[in-house]
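S.K.: Listed here are the chains, written in short residue letters.
Number of protein chains: 2
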Amino acid sequence: MAKNRNTEQKIFDAATELFLEKGVDRTSVRDIANKAGINLALMNYYFRSKENLFDTIFSSLVKKNSEDLIRILNSDLELYDKIRQYVHVYIDMLSDNPLLVSFVMAILHRSRERITEMKAITSLYSTEAFTKQIIEEGKKGSIRRTDPTQLFVDMLSLIAFPFAIKTLIRDKNSFSEEEFQAFIEERKRRVPKMLIDSMRPCS
Amino acid sequence: MAKNRNTEQKIFDAATELFLEKGVDRTSVRDIANKAGINLALMNYYFRSKENLFDTIFSSLVKKNSEDLIRILNSDLELYDKIRQYVHVYIDMLSDNPLLVSFVMAILHRSRERITEMKAITSLYSTEAFTKQIIEEGKKGSIRRTDPTQLFVDMLSLIAFPFAIKTLIRDKNSFSEEEFQAFIEERKRRVPKMLIDSMRPCS
DNA sequence: AAAATGTTTTAAACTTTGTTTAAAACAATA
DNA sequence: TATTGTTTTAAACAAAGTTTAAAACATTTT
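Residue numbers (this note's numbering), protein chains in the order written: chain L, 822 to 1024; chain B, 822 to 1024.
Don't read these hints as lab results, they were simulated from the structure.
Take the hints with a grain of salt, since some may be wrong.
Since the list gives no way to pick one copy over another, a pair counts as held whenever it fits inside one copy or between any two copies.
[What the hints assert, rightly or not] Below, a list of computed lysine to aspartate or glutamate pairs in the EDC-like style, where the Cα atoms sit at most 20 Å apart:
id	residue 1	residue 2
1	K993	E888
2	K871	D846
3	K871	D1018
4	K993	E949
5	K993	D968
6	K843	E998
7	K1009	D913
8	K993	E829
Predicted model only: the values in this text are computed from it and were never measured.
Hey, can you work out the whole structure from these sequences and the hints?
M.R.: Put into structure tokens, the structure is as follows:
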């Protein structure tokens, strides 16, 4: 029972590190076994398959990170503040977890069926409460009438996509890692402003 | 010399079709050989590797589609019109070419090094002329002073990301294919408006 | 036209994946 | 101590991309 957890954890840790370093597809089960210092077959013994190991790692990572995001969306913060906080926390989260971005890319690039099977990825999306709030405030007139889906897709796009094309951005602008971080930092102000401006009434 | 082009083309066509249908990773070279009705080894004879076949198909697809985009960016259209047209054409292009979206996803999800090697993907990004225009008009005061990189990343994000998370959007909103198309159609108005609003002077 | 050369195609093997298996080693229990 | 259950191992398997060496075909040279 002691060795048990130990081996499982060693596989989990080694895989996590390698997935981050070389990407999921370019990491072989033999690589993982080597790095973890365990027998090849143990990967299938503890996790049924490589795919399942990936899912496990991804889910744990998302769960750990998405709780804050959900909490913000479901809080009773004033709408504009909510958006500012959400963008801020989401961007920080992606900054701190390059693994998360690369995993989401790996998943999006997988078959359509598998995506919806993953309950984990869903918690990176919107919530009922937030949708309601957008509609309510639209009716009240405190914001423009806004399609919640459109708004949320705008948010997600502006937050996440820059990380997906990080290499392209760095390359095209000759950004150092620090300059890219500064670029992202600037977006924590820019993105909420843009979103909020787009829903201000009258105009 | 006749059979030559023929076989190469057969491989190219079969691969394109299968890549679109099942995704790059889930298509084996043997699948391609079967569909094309040729010997397994011919894939490596004409295209050095599966990876290289993929690059070839992707590049040809991008070249065919990116020309219009570049032309718009480099035209002497008035800035707001330019943005409207660019968004419009780009969204239509991605709508009409699901293969393109899935390919870009596949590439983004590949190793960092390979991305910048692909000159093709670069032509889906901004141009010198457009950058200059943003800076000039900022100085003139006809638009707010805007970081061209930030603006362009905003554009690209709002245009492309929704296609990347299409499955998620459809699933979460129970959209049919037609409803998703309508959702995208709406973005051809929404996205330019948002971008332009964010750069209008005074405010 | 025949021989020589170059190009295209083939069948078979090779390497590296993920995965399975059957036995061995170990631990816990009766 | 013998039995049972769990963990680990070495070896093999199937499917993938790739390479090879020879055969088939086409072209050029003499």
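S.K.: It remains to establish, for every hint, whether it holds in the given structure.
M.R.: Here is what the structure says about each hint:
no. : hint         : verdict
1   : K993 / E888  : between (35 Å within a copy, 19 Å between copies)
2   : K871 / D846  : both (10 Å within a copy, 15 Å between copies)
3   : K871 / D1018 : neither (45 Å within a copy, 47 Å between copies)
4   : K993 / E949  : between (39 Å within a copy, 11 Å between copies)
5   : K993 / D968  : between (34 Å within a copy, 14 Å between copies)
6   : K843 / E998  : within (18 Å within a copy, 35 Å between copies)
7   : K1009 / D913 : within (9 Å within a copy, 30 Å between copies)
8   : K993 / E829  : neither (42 Å within a copy, 34 Å between copies)
Hint check: violations occur at hints 3, 8; the rest are consistent with the structure.
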